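Colleague: Make the complex out of the two chains shown on their own, each in a separate frame, by following the hints.
Chains A and B, in that order, give the protein sequences.
Each residue of the first sequence is one higher than the one before, counting from 0 in numbering that gives the first Met the number 0.
Each residue of the second sequence is one higher than the one before, counting from 0 in numbering that gives the first Met the number 0.
Hints listed in this document are in silico derivations from the structure and should not be mistaken for laboratory results.
All figures in this text were calculated on a predicted structure; none of them were measured in a lab.
The beta carbon of each residue, even a glycine, is placed where N, CA and C say it ideally should be.
Straight-line alpha carbon distances no greater than 20 Å define the calculated SDA-like cross-link-like pairs of lysine to any residue that follow:
#, chain 1, residue 1, chain 2, residue 2
1, B, K16, A, L138
2, A, K242, B, V165
3, B, K131, B, R83
4, B, K297, A, Q173
5, A, K141, B, D37
6, A, K242, B, F124
7, B, K297, A, G139
8, B, K16, A, L136
9, B, K131, A, R243
10, B, K14, A, P137
11, B, K16, A, G134
12, B, K14, A, D91
13, A, K141, B, V15
14, A, K242, B, P123
15, A, K143, B, L238
16, A, K222, B, A230
17, A, K141, A, N90
18, A, K143, B, Y234
19, A, K242, B, K137
Facing chain A, according to a computed beta carbon distance under 7 Å, are these residues of chain B, among others:
#, residue
20, D37
21, G134
22, D163
23, A164
24, V165
25, P189
26, Y250
27, P251
28, G253
29, E289
30, F292
31, I293
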Amino acid sequence: MNDYIISVRELTKCFGDFTAVNRISFDVRRGEIFGFLGANGAGKTTAMRMLCGLSYPTSGSGTVAGWDVMREGEQIKRHIGYMSQRFSLYNDLTVWENIRLFAGIYGLSKTETERRATETLERLNFSSERNTLVGSLPLGWKQKLSFAVATIHRPEVVFLDEPTGGVDPITRRQFWEMIYEAADGGTTIFVTTHYMDEAEYCSRVSIMVDGEVRALDTPARLKEQFAAESMDEVFRILARGAKRGE
Amino acid sequence: MSAIKVENISKSFGKVKALDGISFEVERGELFGLIGPDGAGKTTLFRLLTTLLNPDEGRAEVDGFDIVKDYHAIRERVGYMPGRFSLYQDLTVEENLNFFAALFGVNVEDSYDLVAPIYRQIEPFKKRRAGKLSGGMKQKLALSCALIHRPSVLFLDEPTTGVDAVSRCEFWDMLSDLKQRGITILVSTPYMDEASRCDRVALCNEGRILCIDTPTDIVAGFDTPLYSVRADNMYQLLLSARGCRGVVECYPFGEIHHLIADREFDIEQFKAKLADVRGLCIEPAEPTIEDMFIKLMKQ
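Excised from the complex, chain B in its bound form (with noise of 0.2 Å):
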């Protein structure tokens, strides 16, 4: 049996349409992640799946219960953390965990084991209100509570956005540490480069999946001639170089260009064509998975 299996939902508010016909399965034990910029209807799928939300098409199942028929056995097996900071700011972090493992009827020394190595960086400013955190204790103390009951699914809605590259870091490794310990992860985030944290991710936009796979495969997937090229004045590079023959795309892509060429492509040619272009430097390069996200939100 999976974690969570949805079937075919669709969720429209007035005329958007939020989510549009998704299917997808997470196995027990998987850390999944949902990649994806805002619009892409993944709030509103953490939504139906924590059963704050009832889907207009479709089903969906969390640990073998209905999202819809069993709400109550839903709650109480599953942790969600939503994007916005959603504690009670008044109350102390230590009052805050008291307070949701009391809702949850579970002892904070029960589950102590568990949400310990998270906690323990936390604890020091146990009397501390949540309101006063930082963004990354504030992330902490919102983890902790998400797990306080010992859930066997855990949903956390863009943990990562607005946090630095290192907190970013820290809290993937947290989140493999829960996924050891038998915790199904679904977590959603718009950094392309945090997919590789995952053992499964959907891309999504627009309500739609584009496609899923493990990181591996869908950069595999990736078939098109992909070469960066660089020279001196970027701007006028990329100007230049969509103007070659062969040349489908050129896009920025960091310090370099990314070009997508066809058959009808030549590397020499292509030196060539753009001879007086200064500092001109042309290779093959490897695909991630930004480019594959650009090449499916193109078909």
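In isolation and in its complexed conformation, chain A is listed as follows (with noise of 0.2 Å):
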């Protein structure tokens, strides 16, 4: 089995005559918590949208769980988790109705989505929601769900964009909690993020700038590389350089 789960060489997307992903390369090891941090307008949103599958580069190469991110982006829908603080789950569906949805959507069979639904929900203490509205839940429900939803299908890499935005702290750690878990248990975490102490909470971080990866280290690494105090500080040097407008 391949180290890597996601693994691209030269990855670049073209909008007409603007480049919005110039050759980015990395590889994010199995398990691993890995951050993708980038300013407004530095095509972070252009790269994860390729790696999820749901545009194709313009020229490059590269696997996610396996599957070519050149030809296979159905494959790799099917096979990560995705999940965002804007869209995750349907408020005016109950909370078994949503994990019903979501395991129909990854092709989990009747049987198979009776059995893990009720795992998720026993796991989460939720057993006693099965039948509440999403939309009545307390936000820190709705993430924890959120998040089983997303690996409801056990994907090898879940993929999460922005997840905390608006939180309170409380919340937000237990969310990191969760993800600490599922890290432990073998899931490798991709993650975007601007609350720059969360980057500190990953394995690795890269760092987008004006379409390029221009740094990937550890966090204490980064902060020896630039002699910077925290990761904000890290991410300022870097971005402050940016040559794009925004």
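Modeller: See the structure below:
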């Protein structure tokens, strides 16, 4: 088995004559919490869309969960988990209905859906909330449920797109604990965030500037390399050099 | 006279109590931060103070005027930048600015000195439609429009949410400049680390204010022993540390975990108990606004 769950080389995406992502290359190890940072307009979203199988690169090569990023977008979509703060669950469906819907989308059989849904509810201590509308759940519960739903098909890698925006500090920490737990169990976590302190939770962090990956290392080594006190400072040193207008 | 005076204000929407008996005052020329997560009631408070909503209970004054009775006077003297981009997307940058100037019956030229430091950054794109601007540029245009009638009080609802760390820092620099010019600013943010840019802050959660003070004094009020701990396996450390004597709480805090201890806690005993944890390291830590927020939320 390959040690890398994500491995890309010279990945490039152009829109007309604008190069949004310019020849990025990196590897993500299995079980790693990989932070993907960048200023607004650095090409982060475009890169993430390519890695999730939502858009094909203009050039380059690579694999995500063993599937080819140049040709097998549909397979990638099936085999990864994805969660964002903005869109995750349907508020007007119940807890159970949301789980069933996503299990169906990921192609789980009826019996398998039933089994994993029950198991998920038990693990989250949610069994009594089975028929509650998701819209009426507290934000922290919704977040746990979103993560459970995004991983219902047991993907090897989960993409989290700014998962903790606007959440209180306690809920945010509970969420990170859940991420630690998943990573401890061998799931790879690929996460974008604007909270620089969250970058410090990651095993390794990459920082994009002007469509390129400008830095990639453990938070400790990045701080050392840039003689910075915090990841916030590292980020600012790198992003201040950005040439691309927002 | 304070610039903003809020007395025991409550506001409900159906069963949801958005604001639950809030009181505070903002001095003239102060840069005051409302810090809290979604659902804290920040937006509702802004809508009340800008006279777009009436309270169920309590009263408030802005610039000495009552928010219910004198709404007309208040609207003339406040600037408001809502959380969602609310300019006209199909007007150009320049047209938006002129429109807001006309609405308030002022000339762009008369206020130009005030908006110039901000507007100059987007002036090269003045013929571009607002809808085609990047996030950071929209933010600068919205701030310019909110300032065009020289308001005495500026209300900014989460201006830095979703904005990257560099642009956030630049935005706070702009606010400091405006404060120098004597404008009172009430600004909300979910980012705890931005508290230090304010003169005073109110930490709020679920419709209530947890505490109000200067950022330095809030942190100084954290009176329990706090340690930072780390190990090779941070997740296992979290679970192990929680089982130790004298550990009130242990939670992730970036690269490290923060550990709150009580009087029973003994650092040597702790190390001995976790002797088999590889790479264990524990040392006293300085509390932050976020530690205080967590502490207050749990009380």
